[in-house]
Amino acid sequence: MNINMKNEQAQLAAKLPETKPLSGNEAFAQGAWEAGVKVAAAYPGTPSTEILETVAKYPEEDIYAQWSTNEKVSLDVATGASFAGVRSLCVMKHVGVNVASDALMSLTYIGVNAGLVLIVCDDPGIHSSQNEQDTRIMCQFAMIPALEPSDAQEALEFTRLAFDLSEQFDTPVIVRSTTRLSHTRSPVSLGDRVEVESRGFVENPNKNVMIPSNARTQHPKLLEREKGLREYFETSELTRWEKGDAKVGIITMGTPYTYVKEVMGDASILKLAGSYPLPENKIREFAASVDRLFIVEELEPVVETQVKAMGIAVEGKKFFSRLGEFSPELIRAGFAEAGIIDKATIQKDWNVSQTIRPPVLCSGCPHTSSYMALRAINARVAGDIGCYTLATVEPLQSIDTVVSMGSSIANAIGMAKAGGDTKPIVATIGDSTFYHSGVPPLIDAVYNDADITVILLDNHVTGMTGGQDHPGTGLTLRGKKTHRVDYEDVIRAIGVKWVKKVDSYDMAAMYQTFREAIDFKGVSVVISDRPCVLDPLKIKGPSLEVRSKNCTACQVCMNLGCPAISWSDEWYDGHHKVKIDPQSCMGCTLCAQICPSDCIQAV
Amino acid sequence: MNVEKGKSNLTNVLVVGVGGQGVIMVSKVLALICQSNGFQVKQSEVHGMAKRGGGVFSHVRFGPEVWSPTIPKGEADILLALEWAEGLRWINYLKRDGGLFIADTQKIFPPFAARNRNRGADVGYSPETPREILELVGDGYALDATSMANELGNLRAANTVLLGVLSMGLDFEPQEWLDVIEQLVPANSIEINRLAFQQGRDWFAEMQNIPTADRHTAPEIKPNEIVQSVHGRVKLEIVEDWCKGCDICVKMCPERCLRLNGEMIAELSKPDACTGCRVCEWLCPDYAIKVGMLPALEVVS
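If you're matching them up, the sequences are chains A and B in order.
Quick note: the first sequence, position 274, residue 274 per my numbering, numbers continuous.
Quick note: the second sequence, position 133, residue 133 per my numbering, numbers continuous.
Please keep in mind that the hints were generated in silico from the structure rather than gathered at the bench.
Be aware that a few hints might be false.
As a list, the in silico DSS-like pairs of lysine-lysine whose alpha-carbon atoms are at most 30 Å apart [to be verified]:
(1) A:K497 <-> B:K290
(2) B:K290 <-> A:K423
(3) A:K247 <-> A:K207
(4) A:K521 <-> B:K251
With the Cβ distance kept under 8 Å, some of the chain A side facing chain B (calculated, not the full set) [unchecked claim]:
(5) A56
(6) K57
(7) T179
(8) R180
(9) P187
(10) G191
(11) S198
(12) R199
(13) G200
(14) Y259
(15) G324
(16) P358
(17) P359
(18) E394
(19) W567
(20) A592
We put the beta carbon where it would ideally sit given N, CA and C, even for glycine.
Working from the sequences, and respecting the hints, build out all of it.
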């Protein structure tokens with residue numbers, strides 16, 4: 001490198017402001033680190049995953065961070081740390097709260113010793129989830145204050161502040177994010193970490209043991225707490241009144257605030273810290289100061305319902321949908337419909353064709369063969385949540401039901417006990433999902449002697465969320481070696497008599513093993529075993545090729561849904577022959593194994 | 001030749017492509033340059049399914065003040081597509097007057113494109129040619145950046161070629177782009193990326209003064225070949241006396257349209273799904289299956 005270039009780079013560095021571009025998720029992690037968090041736990045789930053991955057990049061001396069087996073466990077771990085006197089963080093996606101809710105509903109009665117913050121990432125628009133439930137309703141239900149940042153800077157600041165609030169008001173605090181906030185990168189100014197002294201364990205069974213008599217004395221304290229928080233938000237600078245045109249007043253919070261600012265920047269805006277508890281006096285004052293009052297909130301009318309209950313005339317969901325994710329254009333359309341702004345001239349779309357491109361299993365994905373075999377067996381398949389849920393759609397099309405994490409095995413038990421199905425009953429579940437919530441239903445199956453087959457799809461990683469470790473990988477969140485919880489040991493210990501491991505890249509063995517497992521009366525488990533081709537390492541072997549001369553264009557290979565296989569320009573008997581893209585083929589040989597004319601060969 | 005800044009001096013760039021192509025990387029480069037120039041920047045993307053070969057998009061917005069992280073439909077100043085059909089998918093996000101369209105003409109066929117197994121079936125992929133699209137958008141460039149990068153010896157540098165083209169549409173110094181790119185690419189590919197970036201710029205310079213419809217280097221993408229074919233119906237004959245119920249045809253049928261009946265004899269259970277591929281005919285050890293074609297249906301007015 002010559003001196004000139006060095007100078008230019010120095011100039012470039014000097015020009016950089018004292019801020020760092022962070023995604024919302026990175027900012028949450030930074031906020032927690034700055035707040036002096038000592039213990040953090042989570043189960044991965046889009047869009048929340050990167051928060052704990054980022055936490056794990058801070059020094060080990062500052063924060064202990066771990067993947068837990070599921071969301072409830074992670075919340076209990078964080079609660080334990082709070083009992084022990086240090087600030088703790090728990091992170092999950094919206095549906096994770098359902099799993100953790102049992103602990104959460106008791107925790108809210110108990111409160112905290114050291115600050116405890118739960119960051120929950122909602123997914124309006126259902127980019128990568130099974131629903132778009134609104135966590136803010138859960139906050140109200142559990143009487144836990146909700147903070148709703150609108151950008152990465154606020155993500156950091158709200159998280160830091162949440163720990164102070166938690167300790168001040170003796171409550172867990174939920175900081176609520178959405179996919180958009182979590183995955184938007186914007187400049188954030190950073191602060192320093194405050195080291196918070198451990199408070200030590202405080203022996204107070206009346207507070208920390210939720211038996212009926214204690215719970216009865218704690219419950220009124222929740223109402224007091226709600227009142228205190230309400231007063232806090234009245235004067236907090238998080239409740240921001242931006243004076244503008246008094247004809248239109250808009251109450252908003254979170255990401256929708258940014259859309260409102262873009263579209264209705266001149267209006268009077270009351271930006272709330274969150275949806276619960278509300279600063280009622282401030283809202284009354286604001287409502288009285290404007291001619292027409294609107295509430296813009298994504299998903300459910302949580303604030304709108306509360307404000308209406310206060311007896312204030314307000315418009316909200318009449319113009320802004322309860323469904324999906326907001327955007328500036330939706331906000332514009334809503335205010336236009338309300339007669340506040342002119343209708344945008346809607347341009348006619350250019351009429352251009354759309355190529356259907358759903359997400360697919362990767363080329364060489366070891367899940368492929370399991371579903372190919374199940375397809376041939378024509379089984380009734382209860383599916384579960386993970387990459388393999390993609391086998392529901394064409395061409396594999398071999399999953400009949402998917403409910404929630406860990407549901408597959410118990411769903412299969414119910415189907416088997418109901419009787420009447422002529423197809424063999426099979427549950428398919430991933431390795432991480434199995435430890436998340438698949439173990440209790442497997443015990444149930446053994447206990448109740450259900451005649452089902454469980455296919456454990458062991459790809460040695462939490463795949464869908466981007467390759468996180470779990471108890472079956474033998475590595476911790478920080479990548480350190482730890483005890484590996486062996487699947488076969490666990491399954492045999494539960495009492496399953498028929499367990500077999502099979503190589504997912506051996507099509508014939510898979511098929512044969514599945515048939516044997518199905519023939520077994522009682523619970524049988526097949527562990528179909530091969531590492532994920534993407535994580536933790538990208539696996540690439542020599543690619544295969546199609547000897548076009550012999551290809552009869554039957555397209556059996558295309559039933560794998562492998563993205564490396566596509567139609568070639570050659571035809572046979574009115575059908576397209578196939579070709580393999582050497583860049584993306586990773587050489588799993590599954591297509592060669594099922595090709596009836598044996599035309600797929602090594603290059 | 002610069003994109004006219006939108007209202008309130010906000011510039012919107014939408015980067016789209018297929019999972020694994022580097023959409024996030026490209027938008028990161030842009031965001032870093034904007035930030036080092038003192039702009040406020042928001043870069044918003046949705047990932048999660050991205051690795052699974054689905055479409056990926058990233059909104060980059062910069063200016064003195066940025067509120068919404070997403071670009072409203074019809075307000076993108078530049079649409080940068082790393083893959084052809086993804087560019088078409090987002091084309092209506094482009095601003096009508098003055099929006100700049102930049103696309104790689106490489107086609108990544110999703111497995112779904114080959115779902116129609118009928119005789120003479122066409123691939124399910126947008127048939128529009130670069131010329132047609134360029135005429136439609138008014139201001140745009142379509143180039144085979146992937147081949148250009150391949151000639152330089154590194155397919156992965158295709159994104160840098162596109163960044164070179166993009167750099168011609170924005171107001172930042174070439175050296176600033178290169179500095180950021182160098183920070184983000186592996187050390188051993190810095191030289192190739194430098195060349196790729198320059199090639200993108202040179203190509204843009206060469207093209208910018210010719211009519212928009214001609215601003216594409218890619219060989220004209222032919223409309224999908226329509227093959228004259230017997231669009232006839234398939235007739236499957238199963239000689240019941242010869243079938244011993246071995247199940248081979250049932251298991252091997254690509255369309256799952258056969259089954260064994262109560263007497264363990266093969267039968268065609270989904271006649272509409274049968275494409276006449278003849279796998280069952282060839283594999284039957286007992287020559288019990290015969291695939292023939294019925295003449296195409298005639299249109300009776």
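Structure-based check of each hint:
1. At roughly 45 Å between alpha-carbon atoms, K497 of chain A and K290 of chain B are farther apart than 30 Å, so this suggested pair is violated.
2. For the hint pairing K290 of chain B with K423 of chain A, the CA-to-CA distance comes to about 29 Å; that is within 30 Å, so the pair holds.
3. Between K247 of chain A and K207 of chain A the alpha-carbon distance is near 49 Å, which puts this suggested pair outside the 30 Å criterion.
4. Between the alpha carbons of K521 of chain A and K251 of chain B the distance comes to roughly 24 Å, so the proposed pair stays at or under 30 Å and holds.
5. Contact between A56 of chain A and chain B, as hinted, is not supported at the beta carbon level, the nearest pair being about 19 Å apart and thus beyond 8 Å.
6. A least Cβ separation of about 18 Å between K57 of chain A and chain B goes past the 8 Å threshold, and the interface hint is therefore violated.
7. Satisfaction of the interface hint for T179 of chain A is found here, the shortest Cβ-Cβ separation to chain B being roughly 6 Å, below the 8 Å cut-off.
8. Residue-level restraint check for R180 of chain A holds (minimum Cβ-Cβ distance to chain B is 6 Å; threshold 8 Å).
9. A cut of 8 Å between beta carbons decides the hint on P187 of chain A: the least distance to chain B is about 6 Å, and the hint holds.
10. For G191 of chain A, the suggested interface contact is broken, since its CB lies about 19 Å from the closest CB of chain B, more than 8 Å.
11. Because the smallest distance between the Cβ of S198 of chain A and any Cβ of chain B comes to about 37 Å, over 8 Å, the interface hint for this residue is violated.
12. A cut of 8 Å between beta carbons decides the hint on R199 of chain A: the least distance to chain B is about 38 Å, and the hint is violated.
13. Interface hint status for G200 of chain A: violated, as the beta-carbon distance to the closest one in chain B is roughly 41 Å, over 8 Å.
14. A distance limit of 8 Å between C-beta atoms decides the matter here; for Y259 of chain A the minimum to chain B is near 5 Å, and the interface restraint holds.
15. About 13 Å separates the beta-carbon of G324 of chain A from the nearest beta-carbon of chain B, more than 8 Å, and the hint is not met.
16. With 8 Å as the threshold, the beta carbon of P358 of chain A comes within range of chain B, its nearest partner Cβ sitting at about 6 Å, so the hint holds.
17. Among the interface hints, the one on P359 of chain A holds; its C-beta lies about 3 Å from the nearest C-beta in chain B, closer than the 8 Å criterion.
18. Restraint check, E394 of chain A versus chain B: the minimum CB separation of about 6 Å is within 8 Å; hint holds.
19. About 5 Å separates the beta-carbon of W567 of chain A from the nearest beta-carbon of chain B, less than 8 Å, and the hint is met.
20. The interface hint given for A592 of chain A is violated, since its Cβ lies 15 Å from the closest Cβ of chain B, which is over the 8 Å cut-off.
Checked against the numbered hints given earlier, this structure breaks hints 1, 3, 5, 6, 10, 11, 12, 13, 15, 20; the rest are met.
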